[in-house]
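Asks: Read off the chains here:
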Amino acid sequence: MSEVIVITSGKGGVGKTTTTANLGMGLAMRGKNVVLVDTDTGLRNLDLLLGLENRIMYDLIDVTQGRVPYKKALVRHKKVENLFLLPTSQVKDKSAVNPEELVKLCEELRKEFDYILIDCPAGIEQGFQTAIAAADVAIVVTMPEISAVRDADKIIGELGRADKENIKLIVNRIRPQMVESGDMLDMDDINDILSIDCIGQVPDDKMVITSTNRGEPCITMDKSTAGQAYRNIVGRLLGEKVPFMTFPKEGFFSRLKHVFGM
Amino acid sequence: MSDEIVRIKGTKSGLQLLFAAGATYAAIEKEIRAKLRAGSGFFCRGTVMHAMEGSLSKDEMEKLKRLFHESGVIFSVTRSRIPGATEWPVERPRRKSARAQKRPAEAAVQAEAAVPAENAPAEPAAVQASSADDEAVQMVVVNKTLRGGQEVRTKSSVLVCGNVNPGAQIIAGGSIDIRGTCRGLVHAGAFGNQKAFVVADHLIPTQIRIADLIARSPDDPQQIEKTARPERASIKDGQIVIEPIER
Chain A
27 MSEVIVITSG KGGVGKTTTT ANLGMGLAMR GKNVVLVDTD TGLRNLDLLL GLENRIMYDL
87 IDVTQGRVPY KKALVRHKKV ENLFLLPTSQ VKDKSAVNPE ELVKLCEELR KEFDYILIDC
147 PAGIEQGFQT AIAAADVAIV VTMPEISAVR DADKIIGELG RADKENIKLI VNRIRPQMVE
207 SGDMLDMDDI NDILSIDCIG QVPDDKMVIT STNRGEPCIT MDKSTAGQAY RNIVGRLLGE
267 KVPFMTFPKE GFFSRLKHVF GM
Chain B
805 MSDEIVRIKG TKSGLQLLFA AGATYAAIEK EIRAKLRAGS GFFCRGTVMH AMEGSLSKDE
865 MEKLKRLFHE SGVIFSVTRS RIPGATEWPV ERPRRKSARA QKRPAEAAVQ AEAAVPAENA
925 PAEPAAVQAS SADDEAVQMV VVNKTLRGGQ EVRTKSSVLV CGNVNPGAQI IAGGSIDIRG
985 TCRGLVHAGA FGNQKAFVVA DHLIPTQIRI ADLIARSPDD PQQIEKTARP ERASIKDGQI
1045 VIEPIER
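These protein sequence lines map, in sequence, to chains A and B.
Going by the working numbering, the first residue of the first sequence is number 27, and it counts up by one from there.
Going by the working numbering, the first residue of the second sequence is number 805, and it counts up by one from there.
Source of the hints: derived by calculation from the structure; they are not laboratory data.
Don't take each hint at face value.
Stated by the list, open to error - Computed spacing ranges between beta-carbons, pair by pair:
id, chain 1, residue 1, chain 2, residue 2, range
1, A, M83, B, S1021, 26 to 36 Å
2, A, S121, B, H873, 47 to 57 Å
3, A, N217, B, R1051, 19 to 29 Å
4, B, I812, A, K232, 52 to 62 Å
5, A, R262, B, R1033, 53 to 63 Å
6, B, R1051, A, D248, 47 to 57 Å
7, A, D223, B, I812, 24 to 34 Å
8, A, L74, B, S1021, 42 to 52 Å
Claimed, not checked - Okay, derived cross-link-like pairs now, DSS-like style, lysine-lysine, Cα gap no bigger than 30 Å in a straight line:
id, chain 1, residue 1, chain 2, residue 2
9, B, K948, A, K267
10, A, K37, B, K948
11, A, K105, A, K267
12, A, K130, A, K98
13, A, K267, A, K190
14, A, K130, A, K104
15, A, K194, B, K948
16, B, K948, A, K190
17, B, K867, B, K813
18, B, K948, B, K999
19, A, K190, A, K58
20, B, K999, A, K190
What the hints assert, rightly or not - Over the 12 Å line for every Cβ pair with chain A, so calculated as not near, a few chain B residues:
id, residue
21, K813
22, E833
23, E866
24, S875
25, L950
26, R951
27, K959
28, P970
29, I1046
Cβ coordinates follow ideal geometry from the N, Cα and C atoms, glycine included.
Please take these sequences and the hints and turn them into a complete structure.
Replies: Right, here's the structure in full:
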């Protein structure tokens, strides 16, 4: 039973690619055969996050246009050997792939892999329509911020229009302190508007940036809070019941610092 | 076959009411009352019940309609069979209609064209039949949340069983009833009906328009609060007034 999951958001910069890389890595570390398909043609980043840029030989466009079989374009991860990347082209644009070609490719990939994760481009234009065409499950990534939630809502509507019923939500980059002080939308506000099944709440974490620059997803780092959140999401995707993380309230020392104005 | 006289089938667009062959009205009413009492939790408010036109007389249909309305179920007489409902012998003569089936309400969301506009040319004679019936038939029911960018545009009234999110629009010739939170843009009486109104469980829209009047939410987000009670917006003395209601 293989599953095609598309990771989408509408708005850019909310962490689609980061989420794809981390979930892919997490599922692979749990022993699943995983392939990550980057459909953000022209603005590819997924290879950077995985540290695989220098190993790319062929890309998605070469495969869909029939120049090479898909196996030649797959890039195996350096450390996790059951994780593969199917990168896209940096020189072409999104009109280079159409939905039928991607559906056909996913049908082939299904034979080999347990999970096929598709990293969707931002926006609701052709690139989005192509990316969602083959998906069984859609994961919508959003941020606790009004424009990201608004765009997520629009995307959920678009997914419904394309008859994608299985939609999950990940709320990324939550700042517990700001939520606490009422400066940021909290989970209740978001659930109220979007009303879809939430499978993850990822805190804002500096380690995400360092891990991105190093090409190692933060899910591999034990100390990263975001990494822990992603590990939980992977568990939930595999059908486990994992309780949501509780964010630590502002600690005693940081409050003390506030008192002394440090 | 069991000895039930009345049977209720679930279909995509609501529930379909079917009667056994040759049943009397008294027996039908008795059984419906029993069913309503037994399943008081099941028939949640806003459920749509369809019945075949011609399976009972007009007066009897009217009585049934009242009976269902008492329990908050919307009763609608349809001219053709709801897709998905299976055949069940009914002896009374029934108008087998060759006309186009009533479009499911959800399709109206996607299509720009209004539902009645499509139905009207197909059945001009029936529209004039009875104004009371028409109101029930012409209501557009949206059984899902309207999300940003989605639009319902119709000449009739609209019932939404779900939320209306920011960025969504409802433009209705009649009134708008939202069983959920309204955060989008709603325009009731869009073709000049000053008596149209908007009802929602939580009424916090970006804009309310009724007929040719516009009201908008306060600029200060602090003033926008989620009300605990359903509210109704209507025109009073030339301006839009919002008041809490019971329902």
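Asks: Could you run down the list of hints and mark each one as holding or not?
Replies: Okay, the hints, checked on the actual structure:
Range check, M83/A to S1021/B: Cβ separation about 56 Å, and the 26 to 36 Å hint is violated. Between S121/A and H873/B the CB atoms are about 54 Å apart, so this pair conforms to the stated range of 47 to 57 Å. About 24 Å separates the C-beta atoms of N217/A and R1051/B, a value consistent with the hinted range of 19 to 29 Å. One distance hint, 52 to 62 Å for the beta-carbon pair I812/B and K232/A, holds here, with the actual separation near 58 Å.
For R262/A and R1033/B, the hinted distance range of 53 to 63 Å is not satisfied, since their beta carbons lie about 37 Å from each other. Distance hint for R1051/B and D248/A: a CB-CB separation of about 54 Å, consistent with the stated range 47 to 57 Å. The hint said 24 to 34 Å for the Cβ distance between D223/A and I812/B, and at roughly 30 Å that hint holds. Between L74/A and S1021/B the Cβ separation comes to about 43 Å, which falls inside the hinted range of 42 to 52 Å.
Between K948/B and K267/A the CA atoms are separated by roughly 28 Å; this keeps the pair inside 30 Å, and the hint holds. Restraint check for K37/A and K948/B: satisfied, since their Cα atoms lie roughly 24 Å apart, inside the 30 Å limit. Taken as a hint, the K105/A and K267/A pair is honoured in the structure, with Cα atoms around 28 Å apart against an allowance of 30 Å. For the given pair, K130/A sits about 17 Å from K98/A by alpha-carbon distance, which is consistent with the 30 Å threshold.
For the proposed pair K267/A and K190/A, the alpha carbon gap of about 24 Å is at most 30 Å, so the pair holds. Taking the CA atoms of K130/A and K104/A, the gap is near 28 Å; set against the 30 Å cutoff, the hint holds. For the hint pairing K194/A with K948/B, the CA-to-CA distance comes to about 17 Å; that is within 30 Å, so the pair holds. For a cut-off of 30 Å, the pair hint linking K948/B to K190/A stands: about 14 Å separates their Cα positions.
Proximity of K867/B to K813/B is assessed by CA-CA distance (about 21 Å); at most 30 Å being required, the pair is judged to hold. Between K948/B and K999/B the CA atoms are separated by roughly 26 Å; this keeps the pair inside 30 Å, and the hint holds. Straight-line distance between C-alpha atoms of K190/A and K58/A comes to about 24 Å, which keeps the hinted pair within the 30 Å bound. Our distance criterion of 30 Å between C-alpha atoms is broken by K999/B and K190/A, whose separation comes to about 39 Å.
Annotated as non-interface, K813/B keeps its C-beta farther than 12 Å from every C-beta of chain A; the closest such distance is 23 Å. Here E833/B stays apart from chain A, with its beta-carbon at least about 38 Å from theirs, past the 12 Å limit. With a least beta-carbon separation of about 37 Å from chain A, E866/B lies farther than 12 Å from that chain, consistent with its non-interface assignment. Every CB of chain A lies more than 12 Å from the CB of S875/B, the least distance being 26 Å, so the non-interface label holds.
For L950/B, the requirement that its beta carbon stay farther than 12 Å from each beta carbon of chain A is not met, with the minimum near 8 Å. For R951/B, the requirement that its beta carbon stay farther than 12 Å from each beta carbon of chain A is not met, with the minimum near 3 Å. Every CB of chain A is more than 12 Å from the CB of K959/B (nearest about 24 Å), matching its label as outside the interface. For P970/B, the shortest C-beta to C-beta distance to chain A comes to about 6 Å, within the 12 Å cut-off, and the non-interface label is violated.
Taking the minimum C-beta to C-beta distance to chain A, about 20 Å, the non-interface status of I1046/B holds against the 12 Å cut.
When the structure is compared with the earlier hints, violations turn up for hints 1, 5, 20, 25, 26 and 28 and for no others.
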